[in-house]
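Asker: Here are the chains, one letter per residue:
Number of protein chains: 2
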Amino acid sequence: MAEYRLHCFAQSGNAYKVALALEMASADWEAVFVDFFNGANRSPEFLALNPMGEVPVLEHRGERLTQSGAILDYLSETLGRFKPAPGMRREALRWTLWDNHKLTSNLATWRFMTNFLPPEKRSSEVIAFLEGRAKGALAVLEGHLADHDWIAGPALDGGPTTADLSCVGYLYFGDEYQIAWEHDYPSVMGWLDRIAALPGWKHPYECMPGHPLPGRD
Amino acid sequence: MAEYRLHCFAQSGNAYKVALALEMASADWEAVFVDFFNGANRSPEFLALNPMGEVPVLEHRGERLTQSGAILDYLSETLGRFKPAPGMRREALRWTLWDNHKLTSNLATWRFMTNFLPPEKRSSEVIAFLEGRAKGALAVLEGHLADHDWIAGPALDGGPTTADLSCVGYLYFGDEYQIAWEHDYPSVMGWLDRIAALPGWKHPYECMPGHPLPGRD
Numbered sequence: 001m002a003e004y005r006l007h008c009f010a011q012s013g014n015a016y017k018v019a020l021a022l023e024m025a026s027a028d029w030e031a032v033f034v035d036f037f038n039g040a041n042r043s044p045e046f047l048a049l050n051p052m053g054e055v056p057v058l059e060h061r062g063e064r065l066t067q068s069g070a071i072l073d074y075l076s077e078t079l080g081r082f083k084p085a086p087g088m089r090r091e092a093l094r095w096t097l098w099d100n101h102k103l104t105s106n107l108a109t110w111r112f113m114t115n116f117l118p119p120e121k122r123s124s125e126v127i128a129f130l131e132g133r134a135k136g137a138l139a140v141l142e143g144h145l146a147d148h149d150w151i152a153g154p155a156l157d158g159g160p161t162t163a164d165l166s167c168v169g170y171l172y173f174g175d176e177y178q179i180a181w182e183h184d185y186p187s188v189m190g191w192l193d194r195i196a197a198l199p200g201w202k203h204p205y206e207c208m209p210g211h212p213l214p215g216r217d
Numbered sequence: 001m002a003e004y005r006l007h008c009f010a011q012s013g014n015a016y017k018v019a020l021a022l023e024m025a026s027a028d029w030e031a032v033f034v035d036f037f038n039g040a041n042r043s044p045e046f047l048a049l050n051p052m053g054e055v056p057v058l059e060h061r062g063e064r065l066t067q068s069g070a071i072l073d074y075l076s077e078t079l080g081r082f083k084p085a086p087g088m089r090r091e092a093l094r095w096t097l098w099d100n101h102k103l104t105s106n107l108a109t110w111r112f113m114t115n116f117l118p119p120e121k122r123s124s125e126v127i128a129f130l131e132g133r134a135k136g137a138l139a140v141l142e143g144h145l146a147d148h149d150w151i152a153g154p155a156l157d158g159g160p161t162t163a164d165l166s167c168v169g170y171l172y173f174g175d176e177y178q179i180a181w182e183h184d185y186p187s188v189m190g191w192l193d194r195i196a197a198l199p200g201w202k203h204p205y206e207c208m209p210g211h212p213l214p215g216r217d
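Protein sequences appear in the order of chains U and G.
Residue numbers for the first sequence, in this note's numbering: 1 to 217.
Residue numbers for the second sequence, in this note's numbering: 1 to 217.
Don't read these hints as lab results, they were simulated from the structure.
All C-beta atoms in this analysis are idealised placements derived from N, C-alpha and C, irrespective of residue type, glycine included.
Each hint should be verified, as a subset may be incorrect.
Keeping only pairs whose Cα atoms sit at most 27 Å apart, straight-line, the calculated DSS-like set for lysine-lysine is [unchecked claim]:
(1) Lys135/G to Lys135/U
(2) Lys121/U to Lys121/G
(3) Lys121/G to Lys202/G
(4) Lys83/G to Lys202/G
(5) Lys83/G to Lys121/U
(6) Lys121/U to Lys135/U
(7) Lys83/U to Lys83/G
(8) Lys202/U to Lys135/U
(9) Lys121/G to Lys135/U
(10) Lys202/U to Lys121/U
(11) Lys121/G to Lys135/G
Computed spacing ranges between beta-carbons, pair by pair [stated by the list, open to error]:
(12) Arg122/G to Asn38/U: 53 to 59 Å
(13) Glu125/G to His148/U: 18 to 24 Å
(14) Glu3/U to Leu156/G: 46 to 52 Å
(15) Pro209/U to Asp149/G: 50 to 56 Å
(16) Leu117/G to Asp147/U: 30 to 36 Å
(17) Asp184/U to Phe37/G: 47 to 53 Å
(18) Gly174/G to Glu77/U: 26 to 32 Å
(19) Gly132/G to His203/U: 27 to 33 Å
Throw the hints in and build the complete structure from the sequences for me.
Answerer: Here's what the structure looks like:
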């Protein structure tokens, strides 16, 4: 059995935050597929694993961890990577909380509703609501990255911190949103490119199991 | 000038998370009113204070802090209160992240749309969407509190930790939601009563400035 076991599926940006950390650190990890689109995260077995009914769940040395931001904090210790500089710990926490509150929460749900929910269940009003909030959050991120290479400074090992790994969660699914990325968010795009150029980077669809998008290979 | 200055307004449960910590610790603090309902949080002056355009903002000894969860973490050190036990730090972080992601984000927006947004701007589909997600989060909290007095154990000083203070943010506005609290969430109610019985507790409308709800005193 691998050292780390990550319960995940390919379309989950929240699980990707953790998978990316493990990949970039060349950790010994394996994916345990959660068949989210067939309701596996609501099964009694999964709810026993995580009563919140969410991926990611990470198992490591007898510990079972949930919430991507808490898992990233844990991995920054066990992997010795992505840890904010001492004076930047709370700044990284601030952006991780903001990601959960404003960026991922709206972007992920917007994407889900426009890509994965059956058309007859979609609400154009809800989609417009989520689009507005997601783009508002992206504008805040764009403003910050216009004069920062990394969200909360470089990590102790150089490169991205846990805050960067949290915020990128849903951003490599770029073509699944109706967004003019290069035009509207050039600094976000530059930052995504910086991270994608680092050793070990993989796209979520390349490092987690699950169904491809309809119409994709 | 008071030692702590909190930019806030009465209806903000996110600001209340911080105000409640300050009140319960009998800190020397003052409120700086942000006229949110007249757009003060979008003014150039406020965006210079916090580019995220959000309350709370806390000023203390030359530091300027934003994001309630990061501020609570800061206050747990400066106030010497509400700090999770050493082995529970990440558990408190996990629930604070969950609150930002699933509880506050949906509950606060649902409340805003049903209480504060002009009727002609309300979307019944968006309201139903937020109601469903807020109640889903409350069910998770209810399940957890059914066998826990505190969300992440008692704090080092006994009583609630930063995770409790984060999660209660929007829950003392109970009569502003269409929820059968006692019937559906009895454990949540018991926990709210435990906190409200502690020295220094105040309702948000009693410790932060701003307009009362229409029709209230």
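Asker: All the hints need checking, so say for each whether the structure fits it.
Answerer: Tested hints:
{"no.": "1", "hint": "Lys135/G to Lys135/U", "result": "holds (25 Å)"}
{"no.": "2", "hint": "Lys121/U to Lys121/G", "result": "holds (22 Å)"}
{"no.": "3", "hint": "Lys121/G to Lys202/G", "result": "violated (32 Å)"}
{"no.": "4", "hint": "Lys83/G to Lys202/G", "result": "holds (20 Å)"}
{"no.": "5", "hint": "Lys83/G to Lys121/U", "result": "violated (44 Å)"}
{"no.": "6", "hint": "Lys121/U to Lys135/U", "result": "holds (23 Å)"}
{"no.": "7", "hint": "Lys83/U to Lys83/G", "result": "holds (22 Å)"}
{"no.": "8", "hint": "Lys202/U to Lys135/U", "result": "holds (25 Å)"}
{"no.": "9", "hint": "Lys121/G to Lys135/U", "result": "holds (19 Å)"}
{"no.": "10", "hint": "Lys202/U to Lys121/U", "result": "violated (32 Å)"}
{"no.": "11", "hint": "Lys121/G to Lys135/G", "result": "holds (23 Å)"}
{"no.": "12", "hint": "Arg122/G to Asn38/U: 53 to 59 Å", "result": "violated (35 Å)"}
{"no.": "13", "hint": "Glu125/G to His148/U: 18 to 24 Å", "result": "violated (37 Å)"}
{"no.": "14", "hint": "Glu3/U to Leu156/G: 46 to 52 Å", "result": "violated (32 Å)"}
{"no.": "15", "hint": "Pro209/U to Asp149/G: 50 to 56 Å", "result": "violated (40 Å)"}
{"no.": "16", "hint": "Leu117/G to Asp147/U: 30 to 36 Å", "result": "holds (34 Å)"}
{"no.": "17", "hint": "Asp184/U to Phe37/G: 47 to 53 Å", "result": "violated (29 Å)"}
{"no.": "18", "hint": "Gly174/G to Glu77/U: 26 to 32 Å", "result": "violated (39 Å)"}
{"no.": "19", "hint": "Gly132/G to His203/U: 27 to 33 Å", "result": "holds (31 Å)"}
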